[in-house]
Amino acid sequence: MDFTHDEEQVALRDAVRGLLGRKYADFEERRRTARGELGFDETVWKQLAEMGVLGLPFDEEHGGMGAGPVEVGLVASEVGRVLAPEPFLAAVVLGGGAVAAAGTDEQKAELLGALAAGERRLALAHTDGATPVTAAEADGGWMLTGAKEPVLGGDAETLVVSAALPGGGTGLFVVDGEACERATGPAFDGSRVSRVVLSGTAATPLGEPGADASAALARVLDLGRLAACHEALGGMEVALQATTAYLKSRKQFGVPLNTFQALNFRAADMYVSLELTRSIVAWATMMVAESDAGLAHEAVLRAALQVSRAGRHVGQEAIQLHGGIAMTAEYLVGNITSHLTALDHLLGDGQQHLAELAGAVDGYPGLDPLAPTMRSASTQ
Amino acid sequence: MRLELSAEDQAFREEMAASFTRVVPEEIRTAVLEGQEVTAEMIRTSQKALNAEGLAVPHWPVEWGGRGWTELQRHLWHEEMVRAGVPSPLPFNTSMIGPVLAQFASQEMKERFLPATANLDIWWSQGFSEPDAGSDLAGLRTTAVRDGEDWVVNGQKTWTTLGQYGDWIFTLVRTDPEAKKQLGISMLLIDMTTPGVEVRPIELIDGGHEVNEVWFTDVRVPGENLVGEVNQGWTMAKFLLGNERVGVAPVALVKRMLASAKERAGDRLDDPLTRARIAELENQLLALELTALRVVAHSADGEPHPASSVLKLRGTELQQAVSELAVDLAGPAALVPGSLEQADAPDWARRSAPVYLNYRKASIYGGSNEIQRQIIARTILGL
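Residue numbers (numbering that gives the first Met the number 0), protein chains in the order written: chain V, 0 to 379; chain Y, 0 to 382.
Looking at chain V on its own, in the form it has when it is part of the complex (with noise of 0.2 Å):
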């Protein structure tokens, strides 16, 4: 049982943290560039793939680098504490993923590699709008009707799309991002979000066509929602430490506020609530790397289910205790909490998770995360 991080690791969070911290520094930069045409940054773009990252959890065959998702968290995470609006979580960890985890060896090189180099962005197309995306085979090619909404990340070059099949199941095709008809915007914490509308759009199935992709699918968007958790975990980080920053050097009634002990003993819940967090999601993380996969779905809706709780917990009491300043767009910490909210609901909330665990919490005795099976033993 070992909790740290080995020197690789600790290279590659300082190589992010000095990108992604010194481009960022000022929020102001963050805002500007997020407001920009493109929502992110090209170079930072570059840089980071030059550092490796936009190809972390690919195989080195593909033009990866062949990491898991300790290092996936520790890139997501540092991603969280700027609000860095460069899309790693949406075209690598969603996008990319989801070719790494259904993709023939053709694909993966094609489109893995084109993503790590830095010079085509993926996002994968899940939620469904009011008209699923169903997937047809006509002469000798497939097709597929339907709206997605939202697609985070929508605006990149290629869609992965999941879609029924005619025969049930899901399927995952590659789409052009150009043959559908599109709409971006900013969500409220201004991420960039899509409406993607399919009519009879021209798809390639990715893997082998007609198969069900489901489990494929489920393993993707498990460690998307991992790599939330992570980004959420570093934006709580950096909300709790500027909060105690403020409370100390901000003066009313002619002393700093954390002479008021109220305030202080909610600064003091927020910790426990991000370290209990901290724990189960690196728990998380190394049983998604370790274990097999419903063991690792299991951990990170336990995971997330916590970072919901926290995220909500951490988000409101940093904007209170700030007071007014953190209800403005352009102070970081109000920021963080619109951050945290989008990625509570990005892949299913908190009550959902909480229901999905409550409907198995018949079936064993206790948990006992020491365990290979988590469960508890009886005790007689």
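Hints were generated in silico from the structure; no laboratory data involved. Glycine included, C-beta positions come from ideal geometry on N, C-alpha and C. Some clues are possibly wrong.
Claimed, not checked - According to the in silico footprint, chain V covers these stretches of chain Y (three or more CB under 8 Å from chain V):
#: 1; stretch: 2–9
#: 2; stretch: 164–174
#: 3; stretch: 260–272
#: 4; stretch: 289–296
#: 5; stretch: 309–315
Unchecked claim - Restraint-style ranges between C-beta atoms, simulated for each label pair:
#: 6; chain 1: V; residue 1: ASP58; chain 2: Y; residue 2: GLU3; range: 18 to 28 Å
#: 7; chain 1: V; residue 1: ALA292; chain 2: Y; residue 2: PRO200; range: 50 to 60 Å
#: 8; chain 1: Y; residue 1: GLU36; chain 2: V; residue 2: ALA292; range: 45 to 55 Å
Dock chain Y against the given chain V, drawing on the hints supplied.
Then chain Y, alone, in the frame of chain V:
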């Protein structure tokens, strides 16, 4: 980062699980697991059995019965002990006064007391809190005045848990009324059979007799019973309370309580709200247990990990929440008196409300949860 235990630690865990069921009599473990009354005699029998196998005081210095285990191994020891239904070794002996004596006492005093303390031949009581010195312990007023070779003690201690069984009591007494309050305190060991010592029961809201007042009226204590130096008591108190905070994170206990509650829930588990409540508690407890593991896996050289202050605070909150769940699962059956010989309501349901009421103490003792928040705010967040 690596999840699984090393082969050595895994083997250690299995060895612990096997040892506890072998060493401690089954009727005692059953009483604990089923939440029946655990008598003083059971606690004595259990601790002596543990001590004979080197399992009572593994965290003490090796020359006094310690085992030189890692923090993780100690955690596994405690976890498996609680899971097997073994009553924890008396904390006043093993977690409080034992380590203090091992650290601060003279060789003569160590030899006199430590073996008997480990073996529960002496049942220790704690004489710290007073009516006007709770969280602000340094405000204590019980005095010890030098008279020839002896100390003469006058005053009152309170909240003395299980004091009715106590053979000896370790006390903090004021030996220099002129000094700044922390600097005029000493630690004295007092034989509770000495004339002038009186133990008076305090009845609690759960109907039980768990704590006492201990009165001292012109109690003569031999000078040799002073621990360490005169006026060094506050240093020892801080040392002891620091150990206590780590020791009172009840992760294993709450796990057992929650598993029992779930098992007893029966049809109530058909209710989605109940299921969600249990699932949420399990998840909160999992996060706490993983935090405890993080702390024990990375506490270097006895320096507490910063997150250790979370353990007492959150552990007691969850302990209280699970005891509250049990009362809700019992429903009206909670009102059926435990004293009735015949009743349809099961024992656990009839005991659930007293347990719930009893556990309100958990966020008060061992440094109240407000003190824990103060520690987090000050020493971790720098507020």
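Evaluation of the provided hints:
Chain V is given as covering the stretch 2–9 of chain Y, and this holds because 5 residues of the stretch bring a CB closer than 8 Å to a CB of that chain, at least three being needed. Beta-carbon proximity to chain V at under 8 Å applies to 0 residues in the stretch 164–174 of chain Y; the threshold of 3 is not reached and the given coverage is violated. Counting residues of the stretch 260–272 of chain Y whose beta carbon lies closer than 8 Å to any beta carbon of chain V gives 4, which reaches the threshold of three, so the coverage claim holds. Against chain V, the stretch 289–296 of chain Y contributes 5 residues with a C-beta closer than 8 Å to a partner C-beta. That satisfies the three-residue criterion, and the hint holds.
With a threshold of 8 Å between beta carbons, the proposed coverage of the stretch 309–315 of chain Y by chain V holds, since 3 of its residues qualify and at least three are required. A beta carbon spacing of about 25 Å between ASP58 (chain V) and GLU3 (chain Y) agrees with the range 18 to 28 Å that was offered as a hint. At about 58 Å, the beta-carbon gap between ALA292 (chain V) and PRO200 (chain Y) stays in the expected band of 50 to 60 Å. A C-beta distance of roughly 47 Å is found between GLU36 (chain Y) and ALA292 (chain V), which places it inside the suggested range of 45 to 55 Å.
Hint check: a violation occurs at hint 2 only; the rest are consistent with the structure.
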